[in-house]
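Engineer: Note that the protein sequences, when read in sequence, are chains A and B. Here my numbering is used: the first residue of the first sequence is 1, the next is one more, and so on. Here my numbering is used: the first residue of the second sequence is 1, the next is one more, and so on.
It cannot be assumed that every hint is accurate.
To be verified - Just the calculated beta-carbon pair ranges, DEER-fashion:
1) A:G112 <-> B:D164: 20 to 28 Å
2) B:G60 <-> A:N324: 27 to 35 Å
3) B:G115 <-> A:D282: 34 to 42 Å
4) A:D345 <-> B:H135: 55 to 63 Å
5) A:P220 <-> B:W75: 53 to 61 Å
Worth flagging that the hints you see were computed from the coordinates, not collected in a lab. Built from N, CA and C at the ideal position, the CB exists for glycine as well.
So the chains spell out like this:
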Amino acid sequence: MGMDSLIYAWRKHSILTKKIMYIKYKTKLASVVAAGALILGSCTDLDETKLLYDQVTADKFYGTDLEYLSAVGAAYANLFGSFGSADNIMPLQEVSTDEMVVPTRGPDWGDGGHWVRLQTHKYNSQDARPATTWDKLYAGVNICNRVLATLEPVGTEASKAYITELKALRAIYYLWLLDLFGNVPLSTDFTDVNPPANNTRKEVYDFVEKELIAAAPLLPKTGPADEVTYGRVNYYTVHTALAKLYLNAKIYTGTTQWDKAIAACDEVINSGKYNLMASYRDNFVKNNKGSTESIWVIPYDEINARGHTIPHITLHMESQKTYNMSAQPWNGFATIEEFYESYIDPAQNPGPQGTVIGTSPAGDPTTGTLDKRLSNFIVGQQYLSDGTTLLLDNGFDATDPNGAPLYFTPYINQLLPNAWRQSGARIGKWEIYKGNNGQLSNDYQIFRYADVLLMKAEAVARKSNNWNEPETLTIVNQIRTQHGGVDPFATLTADTFLAERGREMFAESVRRTDLIRFEKYNNAWRFHEADPVDKLGPNEINHLNIYPIPAVQINANKNLKQNPGY
Amino acid sequence: MRTRILNRIPGIEKKWGSALASMLPLFFLIACQQTPYDKYQSLVQVELASSHRVDSLFLGISLGMTPRDFYLHCWDMNKKGLFTDGESNTAVTYKLPQGLKFPASMNFYPEFSDGRISRMGVSFRYDGWAPWNKHMNSDSLREDVKHLLQEWYPKGNPFIRMEDKERGVIYVKVDGNRRMIVGCYDNVYVKVVYTDLSVEKELNIN
Chain A
1 MGMDSLIYAW RKHSILTKKI MYIKYKTKLA SVVAAGALIL GSCTDLDETK
51 LLYDQVTADK FYGTDLEYLS AVGAAYANLF GSFGSADNIM PLQEVSTDEM
101 VVPTRGPDWG DGGHWVRLQT HKYNSQDARP ATTWDKLYAG VNICNRVLAT
151 LEPVGTEASK AYITELKALR AIYYLWLLDL FGNVPLSTDF TDVNPPANNT
201 RKEVYDFVEK ELIAAAPLLP KTGPADEVTY GRVNYYTVHT ALAKLYLNAK
251 IYTGTTQWDK AIAACDEVIN SGKYNLMASY RDNFVKNNKG STESIWVIPY
301 DEINARGHTI PHITLHMESQ KTYNMSAQPW NGFATIEEFY ESYIDPAQNP
351 GPQGTVIGTS PAGDPTTGTL DKRLSNFIVG QQYLSDGTTL LLDNGFDATD
401 PNGAPLYFTP YINQLLPNAW RQSGARIGKW EIYKGNNGQL SNDYQIFRYA
451 DVLLMKAEAV ARKSNNWNEP ETLTIVNQIR TQHGGVDPFA TLTADTFLAE
501 RGREMFAESV RRTDLIRFEK YNNAWRFHEA DPVDKLGPNE INHLNIYPIP
551 AVQINANKNL KQNPGY
Chain B
1 MRTRILNRIP GIEKKWGSAL ASMLPLFFLI ACQQTPYDKY QSLVQVELAS
51 SHRVDSLFLG ISLGMTPRDF YLHCWDMNKK GLFTDGESNT AVTYKLPQGL
101 KFPASMNFYP EFSDGRISRM GVSFRYDGWA PWNKHMNSDS LREDVKHLLQ
151 EWYPKGNPFI RMEDKERGVI YVKVDGNRRM IVGCYDNVYV KVVYTDLSVE
201 KELNIN
């Protein structure tokens, strides 16, 4: 379970603001630090009122760019923990798929069964993760609405620019709501007190599209190296969001939009602002700010901008000694054996062969494909921080063939109730550096250039109903060779394309949406039986392909109807 | 009561305490003109001078706890199904079984000084909050939380109400070394900050 400072979480608004301020206004850093010192340092005089509040009034604010950023920063700060943690979007997008699982390891990670229900698609309206994610996303909408309500009367050119940015950000919050929950209420007026009814998924789609299109031309065409907009929504962020909207338009509305998806991707690709990194791994290292693939990131910091909790949620308790962590990990998230196998199996992923950790119960070394993207996982024998002394797990399971030496096996013996403590390939995508506190300072790419390329490749193939379109093959093979160091494909199918997309985008919170689009989400895989067929969801999709609206929300608003089938 | 308090102040002999007690009506008159903030300051001085320790917080957690004790306690409560991982895995969540007008949760996590809990931040939120459920906004919740805390801490000094034109109402309660402040963080959350004033005092001296 999560054990970190809520104080920091509460201060997150001012912290992101400070970070953005630092990014944009290095010369004003001294005053920002001074302001921060005032906030943090004056307590016994009851100046904690400054800690308690996050409210601004238009008449006394918005005199300077710093003040604008301070207000707008709150809407971004809400993203901390949305991706890269066990709490929000990431588990809904990953743990419900063939890519990630949270096994119940004896007394650990039982949590009332909601992790198992995510994996087995038995989720219900009382479950924790749909509820926390709903809350997180509407909290973002609320902050946007609140700040917009104070900005709109200001009427300056500066205020108009921030209004545009906030409306685009709000549209992206709605894009995620649209994808996860479908028929969500559109709330855009902070002063509106009428409990709304659901909007249809199509209405939400239309709103997102309209708002993004309206915002795009007014936003800066900056690139990943432009510090002014690092971590903020710009022209290319909006077009990436549009590409995602259009790529999934058939699911959302029943109508395909391949041409629009291609056009949105082209806005990003043809800008020349972004490039594939020579090294896949460099996208995810601690200091990844220089990544040329970063279209939009959450600028995490393990002290001041917390919420990237991968070490906590994936590593074994004893891994604390490998990474000299100041906090003990919780031994939870892992990938599923077959997904790991899709990297090392030469039939699925041809490329140079060598010794890799295999999928036997003991994780015996075997010969397999040396895809550079195997850095996505932590497998095999684990060591103390000296890198040579075996790390021991004295609480090992009696039936675990590896015994006390801590050895991460891609094989997971069962989903529940007694998955071996050491079983499961762990998430190593983001560099877990020594001395971390369970959180990471690696920025999380919400939108990454490789994803845009793959969306373009897919849209082109789907438009012509031909997975061997030259442009599609070229893009896929560029990514395979450059990032994976593996052999190019001569031909593609929908399945091989999806597998390639999986290898590239592992853990980047897109898998559920991908499986739905490829009509695989309701299929069987290890730990997940095929879902019963129904057409209860919007546009006759399976009702499980959108999450239930949290029961507490239904109870609090008589106009709100539960999604069909729940 | 007041004589006892006066006698707690270091350097005040018992006889002087009695003499001062005879001047209480004058103090009352002055007190009537005190602002809430003055009252708060006076209360802090008196309570800190008393050396009276009040460490209890909630749900078995107290000021002065070591990180290890805190983690073990939370782990134990987690196994009992009472505590879960909190917002964005950066806090502990406890769903309040009762006591507020609507189902609500509290998220908390302490700060440590010299290996002991010296401060605890808690945020309360109605679970059913949504942008359109204005009756679940923090201004309603704040009063609800204050009443809940009065039930949790029936003894000691009452809450002092303070009002700020821009920031609204906050409530402060000081008992011995323990201070709690209740206020709206934004239109969603009510934030309660517990502070060990004896640690704060030490930090300020150093």
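Engineer: All hints are to be evaluated individually against the structure, with a verdict given for each.
Structural biologist: The hints, checked one at a time:
| no. | hint | in the structure |
| --- | --- | --- |
| 1 | A:G112 <-> B:D164: 20 to 28 Å | violated, 41 Å |
| 2 | B:G60 <-> A:N324: 27 to 35 Å | holds, 31 Å |
| 3 | B:G115 <-> A:D282: 34 to 42 Å | holds, 38 Å |
| 4 | A:D345 <-> B:H135: 55 to 63 Å | holds, 56 Å |
| 5 | A:P220 <-> B:W75: 53 to 61 Å | violated, 48 Å |
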